[in-house]
Amino acid sequence: MLSWTILIVAVCICVALILNLWRLMKGPTISDRILALDTMYINAIALILLYGIYVKSALYFEAALLIAMLGFVSTAALCKYLLRGDIIE
1 MLSWTILIVA VCICVALILN LWRLMKGPTI SDRILALDTM YINAIALILL
51 YGIYVKSALY FEAALLIAML GFVSTAALCK YLLRGDIIE
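Each residue of the sequence shown is one higher than the one before, starting from 1 at the first, in full-length UniProt numbering.
None of these hints come from the bench; they were simulated from the model.
Quick caveat: nothing in here was measured; it's all calculated off a predicted structure.
Certain hints may be false.
[What the hints assert, rightly or not] Listed below are the simulated EDC-like cross-link pairs for lysine to aspartate or glutamate, each with C-alpha atoms no more than 20 Å apart in a straight line:
#1 Lys-80 - Asp-32
#2 Lys-56 - Asp-38
#3 Lys-80 - Asp-38
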């Protein structure tokens, strides 16, 4: 029962990733593209966590945490670059 639920949720997250990719390519403004990229990070983290639950391994949870930290830092750096034109003051 749990494996079917994980499969259904993984398919839904993959559909969300495809829609985010479409928004990343067709976004009318740069802020839409940044938001789509940030949402893709979150969806990728969810897929990694689902796979970790499916194979019963704690290694994937650490990988998801690492991707979450990199996603946060890269989104903050990209927003700062767009606002000021440079990352380092």
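Okay, the hints, checked on the actual structure:
1. In summary, the hint linking Lys-80 to Asp-32 is supported, as the alpha carbons are separated by about 15 Å, within the 20 Å threshold.
2. Restraint check for Lys-56 and Asp-38: not satisfied, since their Cα atoms lie roughly 27 Å apart, outside the 20 Å limit.
3. Distance restraint check for Lys-80 and Asp-38: the Cα-Cα separation of roughly 15 Å lies within the 20 Å cut-off, and the hinted pair is therefore satisfied.
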